[in-house]
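A.B. asks: Heads up: the protein sequence lines correspond to chains A and B, in order. Residue numbers for the first sequence follow the numbering used here, so the first one is 1 and each next one is one higher. Residue numbers for the second sequence follow the numbering used here, so the first one is 1 and each next one is one higher.
Note that these hints are calculated values from the structure, not bench results. Glycine included, every Cβ here is placed at the ideal spot set by N, Cα and C. Mixed in with the good hints there might be a few duds.
The following residues of chain A were derived to be distant from chain B, with all beta-carbon distances above 12 Å [claimed, not checked]:
{"hint": "1", "residue": "Gly-21"}
{"hint": "2", "residue": "Leu-59"}
{"hint": "3", "residue": "Pro-60"}
{"hint": "4", "residue": "Lys-64"}
{"hint": "5", "residue": "Ser-146"}
{"hint": "6", "residue": "Met-254"}
DSSO-like cross-link-like pairs, simulated, lysine-lysine; straight-line CA separation at most 30 Å [stated by the list, open to error]:
{"hint": "7", "chain 1": "A", "residue 1": "Lys-171", "chain 2": "B", "residue 2": "Lys-229"}
{"hint": "8", "chain 1": "B", "residue 1": "Lys-133", "chain 2": "A", "residue 2": "Lys-10"}
{"hint": "9", "chain 1": "B", "residue 1": "Lys-133", "chain 2": "A", "residue 2": "Lys-171"}
{"hint": "10", "chain 1": "B", "residue 1": "Lys-132", "chain 2": "B", "residue 2": "Lys-229"}
{"hint": "11", "chain 1": "B", "residue 1": "Lys-39", "chain 2": "A", "residue 2": "Lys-10"}
{"hint": "12", "chain 1": "B", "residue 1": "Lys-229", "chain 2": "A", "residue 2": "Lys-10"}
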Amino acid sequence: MAAPRTARQKDVRRHLLIYAGLTPFVLIAVFPIYWMAITAFKQEPDLYRMDNIPFWFNLPPTLKNFNILFHQTNYGAWIVNTMNISAWVALITLLTAVPAGYALARLRLPGAENIGIAIFMTYLVPGIILFLPLSRVVATLGLQDSWWALVVTYPTFTVPFCTWLMMGFFKTVPMEMEEAARVDGCGQFGALIRVVLPVSLPGVLTSVIFAFTLSMQDVLYGLAFVSPGDQKPVPVGVPTELIRGDVYFWGSLMGAALLVGLPVAILYNFFLDRFIQGITGGVVK
Amino acid sequence: MTTASLRGGPEPTARAAVVSVPAPAAARVWWRTHSAQRKVFGYTLLAPAALYVLLLVGAPFLFSLWLAVSDANVGDPVARFIGLENFRAAWEMDTFWIAFQNSVVFLVVAAIFKSLLGTSLAFLLLQQFRGKKLIRGLVVIPFTLPIGISVLSWKWMYDSQFSVINWALSRVGLIGAYGSESWPIWLGQPHLALAACIAVNVWRTFPFSAIVLLAGFTAVPLEVIDAAKVDGCTFMQRFRHVVVPMIFPILMIGFLFDTVFTLSDLSVVYFLTQGGPGNASKILPVLAYQIGIQAGNLGRGAAIALFLVPLLVPALFLMLRNLKRREW
């Protein structure tokens, strides 16, 4: 016979215990990002004083680091490159993965299951095995030293992943919808464009997001295929170009990292469950 | 309708398609052409993705096998077949064996830590509490932040002089002041450099372990557990015979996925230490990159990268078996 008050107390105590358990995890997970943020807004001398507590501003915050970033480095160009690369990669991924996912999931093709698995398995062939032959491919296409090299190579992992993802999506669209569209006089292609695609729009959007976030996770291809300073995407340009010899511009470095990293992290956050569902192959409902 | 055309599609709807055909005799002919049409349409839709993957993953993979047995060089476009020379040379290189050993140590130590942290976090997140979504969102940030970016923050935290980690350790008295013997230089001391890199990998992937585990737990229907309870199973029996077998495939896939990506990732080590000091934190991907791209020896680099294959193949094979079992 628990009176309301004791039940409440119990609940509060349970919550406190859980929060206490979670606190170290949250601190470990978030601290590097916090450290990035505070460094980005600190004045240079404030970074190198060991006598003060470094977790907060000892001198007034400043925007100077961002100023340097946009006026004295290629940061602006890297952001534009990243946007361009992402847009092209997303386009290529959509044009290939959406039709393929549809064909494999809906059209009862002989061997569809094996083809689907084979395509997904190529997602797991690591870049470290492919980057040397791909560097030859990139050179043959005359794309070395420009961000177009990445437009060609990033789909090697976004296409397999998104095809697999779209297969999952199209499986959830009821078959009756297409049947109805066919009865109403749509062709196969018409049924796909007018009926199935609109319903699968969330799936298509998810594919676009992954084309973007997976591209942002790459370091190897960017390092290996693009060397001119103004052609790099952000995740490669920041760590390679903002360090001159042994001189680190920590304030600007952290600002550059934060400005692009945080939006990507937040966006990816919303789609993380989809990612997990994707790689566990739909075992998770 | 043949069984072949039924395979791969949801049965009931396929049957519905047959039912909707009015006259069975005429239907066969109609269906046959329709089926042929459908296949042409289907393979046409499939072709762009399949071609992309064949041309830019399949062909390069085969090409890397060729590179590995050739003397291909960045400067010299004409490559000659030199047999297993590259593999032999790698085999006799001290650096290769150091990198190989470091890769294995990296993989195993990181796996132990991330599974411990991931499991504890998963059990906490399994509870019902207020603000769960927010906290979950916060703890997965390391995994969602692009690695090329988060590793910079770590580089700054590992700074030889202004390391915030050292500042904190020094304040609580665990280490001495800057310049003293006990002031660790994380990225500059041989025995610390690899550990520092492993720590970043663990930081980045423990949320992934937790989320995969969580996905596994929530996939176990409560009714099944209740049924086991009714049948008189103890907690340990339920865990051992009901929960573990049910979440095993998911755990396996998460584990294999992580193995593939941890083994083949060069970004953490490359940006933090470049494999140094000396070769203390060198791992195979970094070595392959340095020899293949920086030194321009494509053949030797490809051979070193291919040494990862024996480590990766069991992972891929097990993954394949798990995927084959997935419900269609």
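A.B. asks: It remains to establish, for every hint, whether it holds in the given structure.
C.D. replies: Each hint, compared with the structure:
1. Gly-21: violated (5 Å)
2. Leu-59: holds (15 Å)
3. Pro-60: Correct as stated: the minimum Cβ-Cβ distance to chain B is 20 Å, above 12 Å.
4. Lys-64: holds (17 Å)
5. Ser-146: holds (17 Å)
6. Met-254: A/Met-254 not clear of chain B: closest Cβ-Cβ about 7 Å, inside 12 Å.
7. A/Lys-171 to B/Lys-229: Status violated; Cα separation ~35 Å.
8. B/Lys-133 to A/Lys-10: Holds, because 22 Å separates the two Cα atoms, which is no more than 30 Å.
9. B/Lys-133 to A/Lys-171: Roughly 28 Å separates the two Cα atoms, so the pair holds.
10. B/Lys-132 to B/Lys-229: holds (28 Å)
11. B/Lys-39 to A/Lys-10: Judged against 30 Å, a Cα distance of about 62 Å means the pair is violated.
12. B/Lys-229 to A/Lys-10: OK: B/Lys-229 and A/Lys-10 at ~26 Å, within 30 Å.
In the structure shown, a violation is registered for the earlier hints numbered 1, 6, 7 and 11, in ascending order.
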